[in-house]
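Those protein sequence lines, which keep their order, are chains A and B.
Just remember that the numbering used here sits 207 ahead of the position in the first sequence, which is counted from 1.
Just remember that the numbering used here sits 126 ahead of the position in the second sequence, which is counted from 1.
Since the hints were made in silico from the structure, they are not lab data.
Some hints could be false.
35 Å max Cα-Cα, derived DSBU-like pairs, lysine-lysine [unchecked claim]:
hint: 1; chain 1: B; residue 1: K190; chain 2: A; residue 2: K245
hint: 2; chain 1: A; residue 1: K314; chain 2: A; residue 2: K288
hint: 3; chain 1: A; residue 1: K298; chain 2: A; residue 2: K314
hint: 4; chain 1: B; residue 1: K195; chain 2: A; residue 2: K324
hint: 5; chain 1: A; residue 1: K241; chain 2: B; residue 2: K190
hint: 6; chain 1: B; residue 1: K282; chain 2: A; residue 2: K240
Single-letter residue listing:
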Amino acid sequence: MEILTNILNLFGLETKLFIAQIVNFAILLYILKKFLYKPIAQTLQERQTKIKQGLQDAENAKEALKVADAQKVEILKSARKDADKMIELTKKSIQSIKQNATEDAKKQADEIIETAKKNAEAQQEEASKKVGLMSVDLSKSIVSKILSELFSEQDKNIVLARAVEKIEAGGYGKATN
Amino acid sequence: MTLAPSILFNIGSFPVTNTLVTTLVVDVIIIAIVLAFRASLALNPNGVQNFLEMVYEYFYDATKEVSSKVEIIYPWVTTFFLFIVISNLLGQFPGFESIRFFSAGSGEEGVPLFRTATSDLNVTLAFAVISIFMCHYYSIKHTGIKGYIGRFISFKMFPIFMFVGLLEFIGEFTKVISLSCRLFGNLFAGETVMGTVSSMFAFGLPLPFMCLELMVAVIQAIVFAMLTMAFMSIMIQKH
């Protein structure tokens with residue numbers, strides 16, 4: 208027993224110090240448990256939840272993107288179909304408009320030609336009438352000139368009147384309508 | 127350097143030793159670290175929080191690998207580690223033991239004001255007793271009194287298991303001795319070697335020993351924590 212006491216004294220073992228260290232450790236454990244381990248565990252848990260949520264969100268976004276891609280393809284297909292239909296309709300409508308326009312243009316051209324023809328005929332008639340009148344006047348002046356040299360004024364008027372009658376009777380001096 | 131810590135003064139009949147003062151310094155450092163952690167606690171960790179999370183996760187994961195009762199074991203293990211590692215590393219600071227304290231009985235040279243806490247058998251023995259006592263407490267709590275006694279007394283295959291039980295019983299005492307003496311021996315021996323080498327060669331030669339002591343400081347803290355973890359996980363499981 209004495210040897211044991213000597214050994215304990217040699218190592219400085221003291222009951223009070225021993226108990227003090229146990230109490231110190233108990234207090235330290237309490238402090239660390241409450242103010243360190245618990246908050247760390249909570250923070251780690253929170254972080255893990257956030258990471259999981261982030262990964263889940265990323266997965267959801269990926270899925271949504273896939274769906275959106277499929278929808279895009281579908282919409283594009285449908286739009287292309289609609290566009291083709293519209294192009295077809297437009298082509299048909301252009302064809303029809305073109306045909307109508309051609310027909311109208313032809314009709315108008317025919318009418319114009321007809322009117323032009325009529326106008327030309329009228330102008331021709333007018334011109335020939337004018338030429339007739341001019342030729343009567345010319346004949347009159349030629350005959351008058353010739354007759355004034357051959358006949359007296361009185362005879363000349365008689366011959367001239369007869370000649371005019373004859374010319375007019377021949378249809379040269381009448382205006383054509 | 128003596129095996130026993132130096133008594134600085136007495137408060138009544140309570141002796142205040144230099145290892146007790148160091149223990150209080152370690153407590154203050156740990157509380158300061160906790161306060162710094164609480165002040166900078168964020169979802170995106172930095173500095174102190176990073177270090178503490180690393181320690182926490184290391185011991186939590188290690189405990190998880192050996193026991194299903196991780197929530198019970200890891201606070202003990204981590205607290206042992208933090209206290210021992212900070213105490214051991216504090217003792218490696220150059221000049222740590224050079225600060226002298228003078229009192230009536232300390233003589234002309236005085237006594238060191240600080241001494242590594244774990245180089246005092248009072249500290250290591252207290253830790254070992256706490257560790258083994260809690261192992262037995264949790265063993266009774268989780269396996270029942272029958273299961274607990276069954277570890278040491280068994281009439282199956284008499285007398286083989288009876289003898290094994292006896293060995294187990296003795297083993298519990300040797301656990302306390304091995305845990306406390308390993309930590310105390312390593313740290314005390316390290317300090318003695320450092321003191322001797324430094325007194326012979328002030329420059330150069332102490333450097334490799336300092337590196338070795340730094341390693342010993344961390345390794346011994348891990349060893350103590352891991353052994354506590356192993357003992358607790360074994361005792362909590364049904365025999």
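Quick rundown of the hints versus the structure:
| no. | hint | verdict |
| --- | --- | --- |
| 1 | K190/B - K245/A | holds (17 Å) |
| 2 | K314/A - K288/A | violated (39 Å) |
| 3 | K298/A - K314/A | holds (24 Å) |
| 4 | K195/B - K324/A | violated (118 Å) |
| 5 | K241/A - K190/B | holds (21 Å) |
| 6 | K282/B - K240/A | violated (42 Å) |
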